[in-house]
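**Q** Listed below, chain by chain, are the residues.
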Amino acid sequence: QQQVKQSPQSLIVQKGGIPIINCAYENTAFDYFPWYQQFPGKGPALLIAIRPDVSEKKEGRFTISFNKSAKQFSLHIMDSQPGDSATYFCGGGATNKLIFGTGTLLAVQP
Amino acid sequence: NAGVTQTPKFQVLKTGQSMTLQCAQDMNHNSMYWYRQDPGMGLRLIYYSASEGTTDKGEVPNGYNVSRLNKREFSLRLESAAPSQTSVYFCASSEAGNTEAFFGQGTRLTVV
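First to last, the protein sequences are chains A and B. Using the numbering used here, read the first sequence as starting at 1 and increasing by one per residue. Using the numbering used here, read the second sequence as starting at 1 and increasing by one per residue.
A portion of the hints provided could be inaccurate.
List time: in silico DSSO-like cross-link candidates among lysine-lysine, alpha-carbon distance up to 27 Å [to be verified]:
{"hint": "1", "chain 1": "B", "residue 1": "Lys14", "chain 2": "A", "residue 2": "Lys5"}
{"hint": "2", "chain 1": "B", "residue 1": "Lys71", "chain 2": "A", "residue 2": "Lys42"}
{"hint": "3", "chain 1": "B", "residue 1": "Lys57", "chain 2": "A", "residue 2": "Lys5"}
{"hint": "4", "chain 1": "B", "residue 1": "Lys9", "chain 2": "B", "residue 2": "Lys71"}
It is worth saying that the hints were derived from the structure and are not from the lab.
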């Protein structure tokens, strides 16, 4: 049973475009929703995270939108750059554990 | 500042062989995790340890065992490796499940 469902599986945008990646969760015990970025051959690293008491969080060009009633959240990347090309994972965390979605491979074309 | 260190980085096993993947963190974190990463499947949680002395099954625990040796170290053991266990394995640690997790560089395991 996939506790965190992520879409799309892959995404291609032009430089300057705004890719959007969506996630839905089932476990209402989750109180931490991170997005991780992974480059080839590297371990994932935290990009941005949100708690369910806010509906939006922005850090630089990256924004999380959170809809608690729908149990959905999304990542928006403003003015995307070729250097943003990577795999992105959403997650759901509770006190004891952290679960991830299936990942989105993003390619930003120059 | 090493963070999370995994050994080995690469390993090839024959079907039926056993091995232990080692993980150590130097951030004094309570929680540690083992994930496997497969194409199209994302990061799937194998086992986790919320604190020293405790371990729990994650999403895909079959075929694996773990040991939380102390607060720093969390090992993953494959008793009888199978080709289906060919994957990239990541260890991670965090203060708790709902705080930032730090990942190691991964172990690429091939079972032939």
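**Q** Checking each numbered hint in turn, tell me which of them this model violates, lowest number first.
**A** 1
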